[in-house]
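Keeping their order, the protein sequence lines are chains A and B.
For the first sequence, UniProt numbering gives the first residue as 1, with consecutive numbering after it.
For the second sequence, UniProt numbering gives the first residue as 1, with consecutive numbering after it.
Don't read these hints as lab results, they were simulated from the structure.
Predicted model, so just to flag it, every value in this text is computed and none were measured.
We put the beta carbon where it would ideally sit given N, CA and C, even for glycine.
Please note that the accuracy of each hint is not assured.
[What the hints assert, rightly or not] A few chain B residues that don't get close to chain A, going by computed Cβ distances all over 10 Å:
#1 1
#2 4
#3 6
#4 24
#5 89
#6 95
[Claimed, not checked] Mimicking DSS-like on lysine-lysine, the simulated pairs with C-alpha atoms at most 27 Å apart in a straight line are:
#7 A:17 to A:7
#8 A:285 to A:94
#9 B:42 to A:261
#10 B:94 to A:333
#11 B:94 to A:94
#12 A:285 to A:249
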Amino acid sequence: MPAEFPKTIRGIREGLKRKEFSAVELTRAHLERIRERDGLLHAFLEAFEDAAEQAAAIDAGIREGRTNAPLLGVPIAVKDNILIRGKHASAGSKILENYIASYDATVIAKLRNAGAVFLGRTNMDEFAMGSSTEHSAYGATKNPHDATCVPGGSSGGSAAAVASGMAVAALGSDTGGSIRQPAAFTGVVGFKPTYGAVSRSGLIAMASSLDQIGPLARSVEDAKAVFDVIRGKDPLDATTVEQQVQNSKFKIQNFRIGVPKEYFGEGLDTDVAAAVRAAIERWQKTGAEVREISLPHASFGLAAYYIVMPAEVSANLARFDGVRYGRVASGAKTLLDVYEQSRAEGFGDEPKRRIMLGTFALSHGYYDAYYEKAQRVRRLIRQDFEAAFRDVDVVVGPTAPTPAFRFGEKTDDPLQMYLADMYTVGVNLAGLPALSIPTGMISRDGKELPVGLQLIGKWFSDDALLDAAAAAEAVSVHQNA
Amino acid sequence: MILQEDILHIARLARIALSPGEAERYRRELAKVLEFVAVLEKADTTAAEPLTGGTGIENALRDDSPGGAVLGRFPGPGLVQSAPAHRDGYVAVKAVFDRT
Chain A
1 MPAEFPKTIR
11 GIREGLKRKE
21 FSAVELTRAH
31 LERIRERDGL
41 LHAFLEAFED
51 AAEQAAAIDA
61 GIREGRTNAP
71 LLGVPIAVKD
81 NILIRGKHAS
91 AGSKILENYI
101 ASYDATVIAK
111 LRNAGAVFLG
121 RTNMDEFAMG
131 SSTEHSAYGA
141 TKNPHDATCV
151 PGGSSGGSAA
161 AVASGMAVAA
171 LGSDTGGSIR
181 QPAAFTGVVG
191 FKPTYGAVSR
201 SGLIAMASSL
211 DQIGPLARSV
221 EDAKAVFDVI
231 RGKDPLDATT
241 VEQQVQNSKF
251 KIQNFRIGVP
261 KEYFGEGLDT
271 DVAAAVRAAI
281 ERWQKTGAEV
291 REISLPHASF
301 GLAAYYIVMP
311 AEVSANLARF
321 DGVRYGRVAS
331 GAKTLLDVYE
341 QSRAEGFGDE
351 PKRRIMLGTF
361 ALSHGYYDAY
371 YEKAQRVRRL
381 IRQDFEAAFR
391 DVDVVVGPTA
401 PTPAFRFGEK
411 TDDPLQMYLA
421 DMYTVGVNLA
431 GLPALSIPTG
441 MISRDGKELP
451 VGLQLIGKWF
461 SDDALLDAAA
471 AAEAVSVHQN
481 A
Chain B
1 MILQEDILHI
11 ARLARIALSP
21 GEAERYRREL
31 AKVLEFVAVL
41 EKADTTAAEP
51 LTGGTGIENA
61 LRDDSPGGAV
71 LGRFPGPGLV
81 QSAPAHRDGY
91 VAVKAVFDRT
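Okay, chain A solo, but in the shape it has when bound (with noise of 0.2 Å):
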């Protein structure tokens, strides 16, 4: 973060008010910082030309007294599969190398009228299929804190983005844990809505029912200053729902902590689930009570995914077939060729896997003992949460496994890579809303990696949840890289 800036979205929208600075000064330093550190951590497939030309604009209203938008002058980055009029959205793939965006997403619409500035679109898994950023189409993304390390994925250039202090906030998506994880990996705070909460209009979808677009920010305060341009009711996207806005104040006596026992066993590292203790620990200590609780279904939560996602992704890709949008592969004869071989060529490994999967779980004499018992686990896994809820306020317990993983340790089994989701598929297949925050630091081999904690509440409870994140950011220990 530029020195002489604040970091803080509160302490920009002030700083612009007083005239201590101008977006246009505030924006410029930010695209400094991105030219500074991006060649090495390749956060950004695309640095914005026009960003100090949005950043006069505000300027310009500023002048004329306009200064009450709740984004005023913010830099904001924006993930590769969020469509912004105009500009290039390839979701990390070559199949969609070429196309620029025909509309704006309604959250961008939103955005950009709360005076939000974009600086530009972040790297991404190819179609948001990761949790390291290795399968982008582009190339990976360095975390900021050890550059022989991942960001987590898939908004892996969204998180390393804030971390380094190249943006203010950003946009990401999550679908199984695609924001939250890359947020523990990279120390900053991560935030899924419920579903439902935020239009998916405009967001290059993955899996319909479990898709989320979401902040990564520096604080949770921040995160809630972006949540509350994008949420609402949206007439383009009909899977949305308007939420009353809660303004009860939060209150830590008798607030009641849930901790699964199925979080803390095989497979969490030992440093993390220290870490993620202590910090209950201190929750607790502030006055908050804290029961174990069991959530009996959790350990299918990753089966029912990896069977759901891809059914819904195999549907959802078959846009991509070289007639419509992008890249078209070259010599083919006939429809078919056009459909197979723009797709054999367009697509990586990881899209090819998830898709075959998907068709098998839909295909005939598959469906019914995969796809359909996916989904009524996926129903025991909801039952779950609803009767945990009924006797706690938030359920916790770390967002991760492990602390970020080297470039290449789980490229070679894809299975090994699903396993970085445990903790947080279950709450996109219940349509939960969840946050990672920052849990202080381990070390490993000589460098200091962040740990996330997650929260997870009941639904529609998004406010109540950033509350008490607050409250637990509050006796958190962490550092910005």
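Chain A is already provided as a structure; the job is to place chain B on it using the hints.
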């Protein structure tokens, strides 16, 4: 136990061309994942109806007109231009039916 012919069948359904080498590699990888997800057989789902996700909202409708909030962001000429092949405002495609 997933076979080479299953992979070729799936790839044809998914409209993705595979080389023989690729088919074998994906067969191995998919076999591993299917082995992993087989754990679902252990879940007792007799009392559980399928959950397709979402919010339980039904019949969420809107007027069939591009007015108001929609109009400002209605896809314009850019959409046809996005197609790799287009002519006179139409997307160009290869013949659907072969003449044989």
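Comparing the hints with the structure gives:
no.	hint	in the structure
1	1	holds, 13 Å
2	4	holds, 13 Å
3	6	violated, 7 Å
4	24	holds, 13 Å
5	89	holds, 14 Å
6	95	violated, 7 Å
7	A:17 to A:7	holds, 16 Å
8	A:285 to A:94	violated, 51 Å
9	B:42 to A:261	holds, 20 Å
10	B:94 to A:333	holds, 8 Å
11	B:94 to A:94	holds, 22 Å
12	A:285 to A:249	holds, 20 Å
Hint violations for this structure: numbers 3, 6, 8, all remaining hints satisfied.
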